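Asker: Residue numbers (the working numbering), protein chains in the order written: chain P, 1 to 113; chain Y, 1 to 113.
It is worth saying that the hints were derived from the structure and are not from the lab.
You may find that some hints are simply not true.
Listed next, the in silico DSS-like pairs over lysine-lysine satisfying Cα-Cα at most 30 Å (straight line) [claimed, not checked]:
| # | chain 1 | residue 1 | chain 2 | residue 2 |
| --- | --- | --- | --- | --- |
| 1 | P | LYS22 | P | LYS42 |
| 2 | P | LYS68 | P | LYS112 |
| 3 | P | LYS68 | P | LYS58 |
| 4 | P | LYS42 | Y | LYS80 |
| 5 | P | LYS42 | Y | LYS79 |
| 6 | P | LYS42 | P | LYS57 |
Just so you know, these numbers come straight off a predicted model, no measurement behind them.
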Amino acid sequence: GENVEQHPSTLSVQEGDSAVIKCTYSDSASNYFPWYKQELGKRPQLIIDIRSNVGEKKDQRIAVTLNKTAKHFSLHITETQPEDSAVYFCAATIPPYLGDMRFGAGTRLTVKP
Amino acid sequence: SQTIHQWPATLVQPVGSPLSLECTVEGTSNPNLYWYRQAAGRGLQLLFYSVGIGQISSEVPQNLSASRPQDRQFILSSKKLLLSDSGFYLCAWSVPRSQETQYFGPGTRLLVL
């Protein structure tokens, strides 16, 4: 089955700096890669996703890049703000998407004002 | 639009007592449904998923069980809770085949004493 590794486990940045979180996956058949943000005590919420036919996707201050050859994908947050502080989870899934989504262990991002 | 509900929001139960957590989805038909557990400060562990009424797949053998008595209802149960069952239980849904994204419910925080 799929195995997803996520690094780093904790990340602390100054407000305004960029943050990068990286994930690797094991199964080359994976073709959908969502990122979730979980604030303390809340549910994980989808913030961005990318499919294997795309190398990069951007949404305002958030971007995700995918390298299928190397089997890794990354979340980039620019101009970080204190409200970006949360735990971020990457995931990878294999068609036909029946219970095959595997999550990384999470990255706790702290943005210092 | 689709909404997902979970109850109760919090629960404190003694060891050895039974458990029943409920999840319902509105605004969609025949969703894929999932139960996850998240231990404090940890990642997401998939427990069960279901692609239809009465169809349950188990990811991790344990003292928990799941049932899907109706199309948009998913129930997580236990006959006898263990201390290690404490955690944040999240239900999620996805549209089968056409969209892989999983959307999470608000969660149930369970403390077993």
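Asker: Look at each hint and say if it fits the structure.
Answerer: We went through each hint and held it up to the structure:
| no. | hint | result |
| --- | --- | --- |
| 1 | P:LYS22 with P:LYS42 | holds, 23 Å |
| 2 | P:LYS68 with P:LYS112 | violated, 33 Å |
| 3 | P:LYS68 with P:LYS58 | holds, 18 Å |
| 4 | P:LYS42 with Y:LYS80 | holds, 27 Å |
| 5 | P:LYS42 with Y:LYS79 | holds, 27 Å |
| 6 | P:LYS42 with P:LYS57 | holds, 26 Å |
In this structure, only the earlier hint numbered 2 is contradicted, and the remaining ones agree with it.
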